[in-house]
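**Student:** Read off the chains here:
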Amino acid sequence: MLAEGTSEADVDRWVQSACVLCSNGCALDIAVADGRMVGVRGRGVDRINHGRLGPKGLYGWQANNSPERLTRPLVRRNGNLNEATWEEALEIVASRSQHLLTETGPSALGFYATGQLFLEDYYTLGVIARGGIGTNHLDGNTRLCTATADYALKETFGSDGQPGSYIDFDECDTLFLVGHNVAETQTVLWMRILDRLKGPNPPRLVVVDPRATVPAREADVHLPIRNGTNLALLNSIQHELIANGWIDERFVAEHTVGFEKLRQTVIAYPPERAAGICGVEADDIREAARIIGSGKRLVSTCLQGVYQSHQATASACQVNNVNLLRGMIGKPGAAPFQLNGQPTAQNTRECGANGDPAGMRNWQNLDHIRELATHWNVDPLQIPSWAPPTHAMQIFRHCEEGTIKFLWILCTNPAVSLPELHRIRSILEQENLFVVVSDAFLTETAQLADVVFPAAIWGEKTGVFTNQDRTVHISEKAVDPPGEAKPDMEILIEYAKRLDLRDKDGQPLIKWSTPEECFEAFKQMTRGRPCDYTGLTYDKLRGGSGIQWPCNDEAPDGTGRLYTDFRFNTTTDYTEDYGHDLLTGASHERKHHAELNPDGRAILKAADYTLPFEPLRDEYPLLLTTGRTVYHWHTRTKTRRAPQLQEAAPEVWVEISLADASALGIAEGDLVRVSSPRGAVEGPARISGIRQGVVFVPFHYGYWDTGSGYEPNGSARAANELTLTAWDPVSKQPIFKTAAVKLERLGVGEGAAPAPRQTASAPVEP
Amino acid sequence: MSARAKPKLGQYIEKLHDALTDLAGEYRKVGERHATEHDLYQLGHTLAKQCEGQADALAPHAKRHAGDLPEGSDDGPRESLLAGLRRATAAIVGRSPLTGLLLLRDLRQLHLAIEEAAMLWLIVGQGAQAARDRELLVLVEQCREEITHQLMWITSRVKETAPQVLLS
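Protein sequence lines, in the order shown, are assigned to chains A and B. Residues in the first sequence are numbered consecutively from 1, following the numbering used here. Residues in the second sequence are numbered consecutively from 1, following the numbering used here.
Simulated from the structure, these hints should not be mistaken for lab results. All values reported here derive from a predicted model rather than from experimental measurement. Glycine is no exception: its CB is placed at the ideal position from the N, C-alpha and C atoms. A hint or two may mislead.
[Said to hold, decoys possible] FRET-style restraints, in silico, Cβ to Cβ:
(1) Thr374/A with Leu112/B: 37 to 45 Å
(2) Pro643/A with Glu145/B: 42 to 50 Å
(3) Thr571/A with Leu98/B: 57 to 65 Å
(4) Glu145/B with Asp505/A: 46 to 54 Å
(5) Arg105/B with Thr514/A: 49 to 57 Å
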């Protein structure tokens, strides 16, 4: 893909990189002509995409060249954001921080990052926030996308890290997708699956999704469950596996703990009961279980349909259980995949920019904290480890109550992406909260900031990032950032210098100034941990394919599949987490873990189904779910600036079933209003194959391009006006998939709804 | 099988029943008073239901050992006037840093109520063993596990809350 009017001969050079517009991490080269980005091409040598790219990968790079890029720092004066020098802006931010550190202490400062930066940005942020400032209030927006993947892996296998490898999709004979619309979340992975489905010996496919997604239409069994009932369904499938003897008893006995408790729990979920809870046929549950129970090589996956529902971690653990009961892990074509949303979410987790101790360490294990303190040369007491890291929703709660007075938001847009937006806006608007935003564009959130730093983005800086099957890619700087924009790592280092953050010998805390120096420091910190990067260098990542961690002396070429010896990261001294009670989210302590003594065996976690937090009622009789469309990313900060992507999905829409449309007298394209107890959204109706009683609204659409600033003026269109402030008790992932709403017809629209027609939102004929 | 009635065991089952009903009320009260702490609101109601479920399951055992118990409180999922008021107050005062101290106080109170229920379950469990009351023992085992998790949860919540309240 090259810009119009550019031919291959015009390209001065191709610069190695990978795509940052989904968790797949497709390798690509950036075309540069006359110092400008002019296109991209997939890298054929790479193990992830073999040269393929999805629509966002092909077109999204154009945002880099947008004339709307921020090029100078902005500082709020007399209520308005005005251009300032770096010196002025940094000084204001540093002096406010210093003042709060002196007056109140580290707990008055919070940092809210992302899943879109590079490893080097995250690690620098983590060391500054936890080792330097010493605050526990550091999280990423990965809390919204992959926190549950992280926690489900920790609960079952003792640590984060995808057990399987992409080649397992090539080798499986059974695919079980739970709440995972892969055709729109990871298009190139879907192409890989399509190669199988349309090729010889296709795998059998079971899909759980309340929408008629493209994968659901290809499935042998599609279970369009009522959203929020994953746990009942997964318990029932395990009921069938156990009742029919479709389990690998020897594997379960030798390599797992917790089977008896799991058996006692799932025995209460025969298909008839689950059918009633989930609203699907009992025979379809049986058939799904038969397919899963008879496959020889099972790949299971889950994503936001699981992660953003209530009981998220409990349900995600059941997907792990299904593979463990079948003995389907650590072998070709056999793995559960706890997938990621964002391209660099894995690095947010590894670097501790989600608040976890870096290097997949355990906050309750003092030895782990001491190791970090040694790497950073700080007093162990400096690193907060008295409680789990403060999760994003609690950080905003502390801002609301006024105990956090300084919030630095990096590369994310909570004023559109967090639940219950009127609440979020009112928190960010508070006079006594000082908001700093680093971004490439003036997002809704940036409009609410006191200081805005213009950030260099992908293609304008060098660094590495890691996809959802642990594949590490290098992304080289191709062009200069616009104006005075700087990479986040450099901004953070400038900030640390001004705060005069030092180690315990009085030397500067941050000992690197280039990304490569940062990477070298990071990788030493990972030695011996699950995400061991010690065998990687920038040079090794250049030229060929991406490489999967762990990569070290024992595995110099990286590691395809984890747990091939069926030994998991669950010894008490090594584990990243002692586990949780799935109902309350209570943290287990060391003694509980030691008592369970998994000692290298995987942990089968069990839980009963509970009702969603917000029950349907007469006034709000429909169930809302939010989600993405393939053509956009997050809050459209970049994809709105790529004409082809914007044209493919220009405006919000409201997706409903034919039955609900008929009952309410709504025709395709009619203007409708969706309301919840928290707000209302208006848009044209798309009558799709979605489950009856369920309403879908895409979450991408905010206000920056509507002329009304950061908030609605009149009718609103951000899906999160409707969602509720609630989260999973274990992963703390907010709940975007269940809320009670009502629907009204407002009038005739302008033809068909502006929703894509080839995706889950495809129209159905009345 | 059910053994001969044991009146003193019955008395303790009644005490436990009352403690669980109180605890359920305490969960709802804390959840509503701190409705701006959204996890407390949601989980408070979930755990209140769990406690009421335990109390309901105890009722037949109390009957066997000592006679009838008063009917359980019935403000279940419906919202009482007082609850609405508490939540509205929470929304108003929820933006004051002083609510932190109130929150800590309420969590301590809640902790005592859970401890009380846990201790009574222990006592009733010991009685059930000595009385060879198998049915009651099954219930004790299940409910003690739930109460243990409640105690772990309040510990986790206090660990998270205390530093921010004390140092802000």
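**Student:** If a hint holds in the structure, say so; if it doesn't, say that too.
**Tutor:** A quick look at each hint next to the structure:
1. As the Cβ distance of threonine 374/A to leucine 112/B is approximately 41 Å, the hint placing it in 37 to 45 Å holds.
2. Against the hinted window of 42 to 50 Å, the Cβ-Cβ separation of proline 643/A and glutamate 145/B comes to about 58 Å, which falls outside the hint.
3. Restraint check, threonine 571/A to leucine 98/B: a C-beta distance of roughly 45 Å breaks the suggested window 57 to 65 Å.
4. For glutamate 145/B and aspartate 505/A, the Cβ-Cβ distance of about 49 Å falls inside the hinted range of 46 to 54 Å, so the restraint holds.
5. Remark: the range hint 49 to 57 Å for arginine 105/B to threonine 514/A is upheld by a beta-carbon distance near 51 Å.
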